[in-house]
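S.K.: Note that the working numbering has the sequence shown beginning at 1, numbered continuously upward.
Hints listed in this document are in silico derivations from the structure and should not be mistaken for laboratory results. Certain hints may be false.
Here are the simulated lysine-lysine pairs, BS3-like style, with alpha carbons at most 25 Å apart [stated by the list, open to error]:
1. Lys307 x Lys272
2. Lys209 x Lys257
3. Lys272 x Lys257
4. Lys209 x Lys221
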Amino acid sequence: MNGFKKYFMLFLTIIATVIIIAAISLTQREMNKVISENKLTYSDPVKNAPPIVAFTTVALGSFRGLIADLLWLRASALQDEGNYFEMVQLASWITKLQPNFSGATAYLAWNMAYNISVTCSSFADRWRWVSKGIELIRDEALLYNPTDPILYKELGWIYQHKVGNILDDANLYYKNQMAIALMKPFGGAEPNWEALAKAPSSINAFDKKYPAKSPYREALKVSGIESTSALLEYFEDKGTLPAKFTESIANPAGLRKIIYFLRAEWLREKFKLDPSLIVVINKRYGALDWRLPETQAIYWATLGLEKCPEKADISLERMITQALKDSFMSGRLLMIDAKNYENVITVPNLKVVDSVLATFQKAYEKNKNKSFLSAKENFTKDAIVVLYTFGGYTKAQEYLDMLKKEFPDNREYKMGLDHLVMKEWSEDVKSATMKQANDIISGLLFRSCYYLVYGDTTAYESHEKLARLVYARYQRDQAGTEKRTGLAPFNEIKTNIIKTCLKNFPPEIAKILETQIKSQQKEAKEELGISDKASPPPKTP
């Protein structure tokens, strides 16, 4: 009898618990309805949330705010003590307990990326905290708040400012690590975005295309892999497919489609990047280098504008114009330092110049904010110098004529193209940022290659000499002893510019350049009395 009574009481307890939870759930639904109808909060109840978030928001009700407050106190105490090991988990819990409180998540992410990161002496540890800040917004908060422009702005800002700028001593380390991480799913410097966009959009969609008796399924069995998810894990870990799998897929085109899907899913899963949106952005602005932080900022600002209710947010529009300008000024990555992570060499992406100008104009017309017009004028002037420096004389003159027409009273725009550029050069070198100095030096070396092709060795030598002078002056006056603002060795910059020219010039022009460089190297060695068993100039990669 006692046993029966014991089980009966247990049964009643379970029934009572279920009834109480059901009652709480019904009450919470009614409360959410009243809250939503009467606008008692700034945000609606969370929709399509993961099970743990749905449980905490319903079962805990108002108590979750109290628990979150206790976690905030715990996090603050740990930070004051310099004990950061629990911070990531605490931030995740706070985000789950208050999924709609985007301001809290934005602060926690900013705190990890900016405040906590700089307390670490190791660059690897700093990058770990910056990454955690990015992941808190990208992987968690945006899952619960996909229409909140604040989160998109904060995420884009970490990419654009923390990773893309030079204020942190570890900025070159960040840029290298980010580029290296992205090149793994890319399979190189740049993937075939069109092919990735055409691949199935999920593992379920992919599996539907390959039924049980398809060659793909047979290849999985032969290679001992249970599912597409397991194949993706293998591909992410090894960067390639099992040999038995590739041997079993007789159709090369079919194998390429499988690899395109795996790369696309890797990007969606790990970096939350949708290849279809990247194709849209590339068509809108021109081909961008997706290994760079400024391009990532453009992606998240663009996605934010698409997701936010009114399809408009001035902060996100400003981020796009600023990051797009940076993408023009130094938007092509020539070299990363995968060994020491100490150097990054970029050059301007001249293909996006018209898009940048049009974006400033559209932003002004949409928001009627004069700051966009001022930014447009400043960009046009900068673009003239960059275009001229890299041999785009016709386009530079076109932009100068545009400024003359829009600002007829401005004396500066009435001077000739050569005089304007020389004036801007002299001013830029005096107070140049690392990017500006790198662009000027790279541009001068680029033009020197042009002159060498056409046999004007005097102009070639004078431009290289001027590039060396700019380099020396910047390293002396601006970089000083700070590694974060220093440039790569001059010969390294020169070598990479020559490689770029050999790769991008028409074949007949590249051949002339290669011959001329060999001749220059031979003459230089003869003057120094060095044997002509020297290494050849850089070949086309």
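S.K.: Run every hint past the structure and note whether it holds.
M.R.: Against the structure, the hints come out as follows:
Between Lys307 and Lys272, the direct Cα distance comes to roughly 15 Å. Compliance with the 25 Å bound is thereby established for this hinted pair. Proposed proximity of Lys209 and Lys257 is supported: the alpha carbons are some 11 Å apart, at most 25 Å. Distance check on the hinted pair: Lys272 and Lys257 sit about 20 Å apart at the alpha-carbon level, within 25 Å; holds. About 17 Å separates the Cα atoms of Lys209 and Lys221, which keeps this hinted pair within 25 Å; it holds.
Figure legend: structure checked against the earlier numbered hints; every hint is met.
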